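4 protein chains.
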Amino acid sequence: MNETDIQEGDLAELIGLKHFHQIIRIKSGETIQSHIGLIKMDDLIGKPWGSMEKSHNGNTFFVLQPALSDLIKNVPRNTQILYPKDIGFLILNLAIGTGKRVIEAGTGSGALTIALANAVGDEGKIYSYEIRPEMQKVAIENLQYAGFDSRVEFKIRDIADGFDEKNVDAIFLDVPNAYDYLSQVRKSLKPGGFFGSILPTMNQVVLLLDAFKRESFVFVEVCEIFIRYYQTDADRFRPADRMVGHTGFLIFSRMVQKGSNSKSQSKFRIDEKEDDISESVGL
Amino acid sequence: MNETDIQEGDLAELIGLKHFHQIIRIKSGETIQSHIGLIKMDDLIGKPWGSMEKSHNGNTFFVLQPALSDLIKNVPRNTQILYPKDIGFLILNLAIGTGKRVIEAGTGSGALTIALANAVGDEGKIYSYEIRPEMQKVAIENLQYAGFDSRVEFKIRDIADGFDEKNVDAIFLDVPNAYDYLSQVRKSLKPGGFFGSILPTMNQVVLLLDAFKRESFVFVEVCEIFIRYYQTDADRFRPADRMVGHTGFLIFSRMVQKGSNSKSQSKFRIDEKEDDISESVGL
Amino acid sequence: MNETDIQEGDLAELIGLKHFHQIIRIKSGETIQSHIGLIKMDDLIGKPWGSMEKSHNGNTFFVLQPALSDLIKNVPRNTQILYPKDIGFLILNLAIGTGKRVIEAGTGSGALTIALANAVGDEGKIYSYEIRPEMQKVAIENLQYAGFDSRVEFKIRDIADGFDEKNVDAIFLDVPNAYDYLSQVRKSLKPGGFFGSILPTMNQVVLLLDAFKRESFVFVEVCEIFIRYYQTDADRFRPADRMVGHTGFLIFSRMVQKGSNSKSQSKFRIDEKEDDISESVGL
Amino acid sequence: MNETDIQEGDLAELIGLKHFHQIIRIKSGETIQSHIGLIKMDDLIGKPWGSMEKSHNGNTFFVLQPALSDLIKNVPRNTQILYPKDIGFLILNLAIGTGKRVIEAGTGSGALTIALANAVGDEGKIYSYEIRPEMQKVAIENLQYAGFDSRVEFKIRDIADGFDEKNVDAIFLDVPNAYDYLSQVRKSLKPGGFFGSILPTMNQVVLLLDAFKRESFVFVEVCEIFIRYYQTDADRFRPADRMVGHTGFLIFSRMVQKGSNSKSQSKFRIDEKEDDISESVGL
Chain Z
1 MNETDIQEGD
11 LAELIGLKHF
21 HQIIRIKSGE
31 TIQSHIGLIK
41 MDDLIGKPWG
51 SMEKSHNGNT
61 FFVLQPALSD
71 LIKNVPRNTQ
81 ILYPKDIGFL
91 ILNLAIGTGK
101 RVIEAGTGSG
111 ALTIALANAV
121 GDEGKIYSYE
131 IRPEMQKVAI
141 ENLQYAGFDS
151 RVEFKIRDIA
161 DGFDEKNVDA
171 IFLDVPNAYD
181 YLSQVRKSLK
191 PGGFFGSILP
201 TMNQVVLLLD
211 AFKRESFVFV
221 EVCEIFIRYY
231 QTDADRFRPA
241 DRMVGHTGFL
251 IFSRMVQKGS
261 NSKSQSKFRI
271 DEKEDDISES
281 VGL
Chain R
1 MNETDIQEGD
11 LAELIGLKHF
21 HQIIRIKSGE
31 TIQSHIGLIK
41 MDDLIGKPWG
51 SMEKSHNGNT
61 FFVLQPALSD
71 LIKNVPRNTQ
81 ILYPKDIGFL
91 ILNLAIGTGK
101 RVIEAGTGSG
111 ALTIALANAV
121 GDEGKIYSYE
131 IRPEMQKVAI
141 ENLQYAGFDS
151 RVEFKIRDIA
161 DGFDEKNVDA
171 IFLDVPNAYD
181 YLSQVRKSLK
191 PGGFFGSILP
201 TMNQVVLLLD
211 AFKRESFVFV
221 EVCEIFIRYY
231 QTDADRFRPA
241 DRMVGHTGFL
251 IFSRMVQKGS
261 NSKSQSKFRI
271 DEKEDDISES
281 VGL
Chain L
1 MNETDIQEGD
11 LAELIGLKHF
21 HQIIRIKSGE
31 TIQSHIGLIK
41 MDDLIGKPWG
51 SMEKSHNGNT
61 FFVLQPALSD
71 LIKNVPRNTQ
81 ILYPKDIGFL
91 ILNLAIGTGK
101 RVIEAGTGSG
111 ALTIALANAV
121 GDEGKIYSYE
131 IRPEMQKVAI
141 ENLQYAGFDS
151 RVEFKIRDIA
161 DGFDEKNVDA
171 IFLDVPNAYD
181 YLSQVRKSLK
191 PGGFFGSILP
201 TMNQVVLLLD
211 AFKRESFVFV
221 EVCEIFIRYY
231 QTDADRFRPA
241 DRMVGHTGFL
251 IFSRMVQKGS
261 NSKSQSKFRI
271 DEKEDDISES
281 VGL
Chain S
1 MNETDIQEGD
11 LAELIGLKHF
21 HQIIRIKSGE
31 TIQSHIGLIK
41 MDDLIGKPWG
51 SMEKSHNGNT
61 FFVLQPALSD
71 LIKNVPRNTQ
81 ILYPKDIGFL
91 ILNLAIGTGK
101 RVIEAGTGSG
111 ALTIALANAV
121 GDEGKIYSYE
131 IRPEMQKVAI
141 ENLQYAGFDS
151 RVEFKIRDIA
161 DGFDEKNVDA
171 IFLDVPNAYD
181 YLSQVRKSLK
191 PGGFFGSILP
201 TMNQVVLLLD
211 AFKRESFVFV
221 EVCEIFIRYY
231 QTDADRFRPA
241 DRMVGHTGFL
251 IFSRMVQKGS
261 NSKSQSKFRI
271 DEKEDDISES
281 VGL
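Chains as they are written, first to last, in UniProt numbering: chain Z, 1 to 283; chain R, 1 to 283; chain L, 1 to 283; chain S, 1 to 283.
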């Protein structure tokens with residue numbers, strides 16, 4: 001048996017021919033009861049990943065390792081979660097990689113927490129703040145399930161009271177009034193550090209833009225990420241009929257010395273972005 | 001001096017008030033000649049990140065650590081590169097994290113290579129294949145510059161001849177005729193492994209979808225990622241006038257046992273995706 | 001009583017406070033039975049448009065003249081219909097205005113037919129071809145309902161057999177294999193005339209692009225129109241959660257002398273379009 | 001000679017093989033001097049539309065009737081103009097057709113005015129208000145050029161002073177502070193009439209949404225229209241690299257009895273729209 005085979009303790013994604021889709025952790029001796037029949041985990045252990053298997057009553061399913069994006073989309077949740085299209089981009093934009101120390105608030109159901117913990121590796125650390133204990137309980141279970149809980153410190157706190165850490169590499173706020181906490185951010189983010197937020201309404205974005213000016217957060221970027229899926233029939237290749245129209249506005253900025261001239265900076269950054277655009281299209 | 005200060009050997013992004021933007025590596029004793037004047041690196045060492053500095057003739061600039069997305073967009077290049085919006089999403093969708101072994105072809109200018117190397121950490125490895133030696137030379141320099149070259153094995157090879165590695169976790173093909181190499185992929189990707197590609201035209205996508213059917217690659221997803229930037233003036237908040245209209249189609253699939261019924265699977269996956277969409281909007 | 005008041009024979013849109021929405025024709029003596037109660041038309045006649053009225057059991061509703069876009073979206077249908085976002089653009093792009101003579105095929109449920117008939121006025125004429133009699137029956141009723149039937153000649157015909165008219169100003173094909181009928185179009189479209197089509201899949205578009213080359217249809221444009229709705233709460237202004245992801249590709253071209261060099265023409269047109277884009281954004 | 005041939009007084013679009021594109025009015029005896037050579041109009045008169053012709057020094061060009069969308073995009077201008085994607089949709093949404101009486105402000109360069117005049121026919125009338133005389137001068141010339149000036153009454157006026165007409169069918173405001181003029185609109189729009197506006201920033205939209213509540217304008221819709229062009233090479237079919245990212249937010253509402261409950265109405269309308277969306281995708 002080797003790493004290309006299904007083993008005790010692995011996370012596995014079971015996908016049936018239609019309408020069966022489940023992510024489980026493999027435990028010998030256990031049996032899954034599903035609407036496509038019983039599935040004994042002992043029958044899966046030792047099989048190669050990607051195997052096509054059958055339930056006790058003959059229904060076909062595949063056994064796969066879940067992608068991080070699958071894990072994220074399938075976390076049990078009691079809140080709106082961030083989606084892979086947004087998470088993937090913000091991780092690059094906040095320079096999150098192995099060994100980084102990152103604060104997030106609020107924890108929510110832990111979807112972003114899983115992705116951040118994956119990105120910082122065992123050398124890094126995520127400090128995840130939440131004001132509602134019952135909410136964070138779900139997130140802790142989700143992180144344990146994903147196997148990343150050792151990389152996360154969970155805290156119950158009103159972030160108006162500030163964060164415990166100093167000089168972290170990046171702070172991401174997924175709270176409705178992110179604009180109220182920039183002075184708390186300043187005390188815990190390292191100089192020049194990366195700040196990000198996601199906000200659903202334009203009214204909130206405008207308030208955050210105003211707060212950036214007062215608090216010397218510069219090089220501001222506001223964007224939305226859209227994903228358009230296609231139907232995968234080669235003979236009738238076409239976009240999907242429906243798409244998600246909105247998840248949130250992503251806002252990024254850099255914290256510089258208090259009192260720096262932020263106004264000209266954000267304008268400059270827009271020019272930069274436009275230049276990048278022309279480069280990207282080969283002009 | 002500590003990690004919150006600028007140090008010898010650090011990568012630094014210098015951004016002026018307008019039209020000055022440069023990523024450099026800090027080396028004591030060196031001087032940058034720019035159109036905003038001379039900048040001595042010794043003047044920067046020891047200053048906190050995010051400092052506002054001045055060139056020899058008084059022009060203001062900020063010194064920041066570059067985000068991975070900034071590094072990627074600024075690599076010297078002689079090819080079209082992948083962009084952060086696409087890279088962030090594909091890393092999550094291919095389950096790339098600490099310790100993973102990943103094949104990519106072609107290397108190109110190394111923009112994706114940098115992001116993959118960042119994601120797998122010191123425990124992982126990227127195997128990067130390219131057919132044009134002069135192209136990969138640029139990429140190697142870019143990886144050295146980013147400080148990730150030790151995580152990458154560069155190879156000059158026509159991938160029609162196959163890859164050297166076995167049982168890698170994921171393979172990403174950024175070559176025009178990706179559909180010609182699925183049998184080579186099968187020999188090197190571990191069972192159930194993650195396959196991804198980016199293709200500019202729909203004709204190419206259709207050929208790849210056909211190849212998936214023949215070669216038992218299932219759970220196919222085809223999508224495009226759009227990014228819409230906003231102007232950041234709080235009193236006149238509005239989307240940017242121009243946007244990038246197209247970079248490429250992202251295609252993902254999973255390799256299962258040869259001969260598995262791929263047709264029903266891809267259809268099923270579409271249903272799944274639609275379900276995910278309804279969840280994501282709280283319906 | 002004057003044209004600002006509701007009169008016998010008018011089309012009226014009744015909209016309740018929630019989940020009541022109906023377009024009717026006002027007939028004295030008649031009563032509407034709805035889930036918000038009985039509504040006597042005699043009670044509406046003579047009231048000003050925009051009035052807030054009540055059903056027999058006290059439910060509030062407004063009485064408005066329907067917009068053409070409302071009429072179109074509400075036609076009884078047994079087929080996929082074209083939507084206002086696409087119809088509005090194609091009318092301008094095909095130069096359809098008062099007095100024009102236009103062929104369309106197939107008729108479908110008549111949604112486009114209504115808009116075309118509205119645009120050509122009493123001086124113009126729409127020739128609408130359909131192969132399925134039961135389908136056109138619905139369209140004829142819809143046109144009568146909208147009051148535009150006198151401007152339309154309906155024909156049951158396999159358009160492989162050609163059209164009866166000569167030298168019409170524009171031809172629009174909403175049939176799956178539009179690419180099979182360009183020689184029939186040539187016989188009935190006036191020299192230099194406007195050709196348009198809508199096709200759901202890229203495979204179909206590619207076949208039509210090939211046909212254009214063979215048949216000397218030039219200045220080709222292919223586009224998609226998206227509409228993004230916003231939630232209208234001023235305090236929480238944000239895009240709608242969901243949007244329509246795809247209706248169809250719109251294709252436009254001009255018919256020139258047989259044998260003209262079409263290849264360079266379509267390329268040129270792309271440049272033109274790019275120029276238009278830069279103009280439109282004030283660069 | 002007949003209507004399928006080029007005649008004295010016709011508008012003609014001349015398109016060369018590359019980088020030549022001009023809309024002119026045919027006048028016998030005149031000669032066009034262009035960078036592709038001299039073109040004598042007498043050589044064009046009597047030729048069929050769509051003809052491929054040559055300039056005095058042998059450069060090829062086609063002669064076509066311009067689409068309304070071509071005319072609009074080519075009007076001489078000293079302001080930002082509305083574009084066909086927006087104009088086509090608003091004409092349907094404001095129920096503008098033969099015989100309608102419509103107020104617009106400001107006139108600007110007359111791009112929208114041309115399209116409105118085309119839509120109302122000889123039986124209708126456009127009342128176009130502008131505060132800057134030098135601006136309207138350009139628009140008047142553009143309308144004369146397009147041949148629609150007899151359908152338009154141009155007025156120089158600060159619309160704070162109100163409009164002269166009563167009970168018009170629709171009013172469209174393309175002025176930055178549209179939210180300041182709803183009481184003037186109420187005096188001139190017929191009961192239940194159609195109101196529309198286009199505004200570039202979200203801050204302006206929010207102010208207009210607030211004004212709607214105060215002034216009993218209901219059934220509010222806010223949307224954006226995007227157009228995505230494709231490159232038309234059948235062997236390499238793909239979206240264009242660049243696209244226009246923003247022209248403006250389109251806002252529509254209906255004027256009802258003063259004091260009607262607008263709040264519930266706009267919410268209801270959103271539900272309606274969502275229903276329409278599900279219908280449009282065949283669910």
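Hints are supplied without guarantee of correctness; some may be wrong.
A pair counts as met if it fits within one copy or between any two copies, since identical chains are not told apart.
Cross-link-like lysine to aspartate or glutamate pairs, in silico, EDC-like; alpha carbons within 16 Å at most [as the list claims (entries may be wrong)]:
1. K27 / D164
2. K166 / D233
3. K258 / E215
4. K27 / D43
5. K166 / E3
6. K27 / D233
7. K54 / E153
8. K54 / D161
9. K155 / E141
Because the hints were derived from the structure by calculation, they are not lab data.
The structure presented is a predicted model; accordingly, all values stated were derived computationally and were not measured.
Do the hints match the structure? See the list:
no.	hint	result
1	K27 / D164	neither (38 Å within a copy, 34 Å between copies)
2	K166 / D233	neither (52 Å within a copy, 31 Å between copies)
3	K258 / E215	within (7 Å within a copy, 45 Å between copies)
4	K27 / D43	within (11 Å within a copy, 59 Å between copies)
5	K166 / E3	between (39 Å within a copy, 12 Å between copies)
6	K27 / D233	neither (37 Å within a copy, 50 Å between copies)
7	K54 / E153	neither (40 Å within a copy, 40 Å between copies)
8	K54 / D161	neither (54 Å within a copy, 36 Å between copies)
9	K155 / E141	within (14 Å within a copy, 43 Å between copies)
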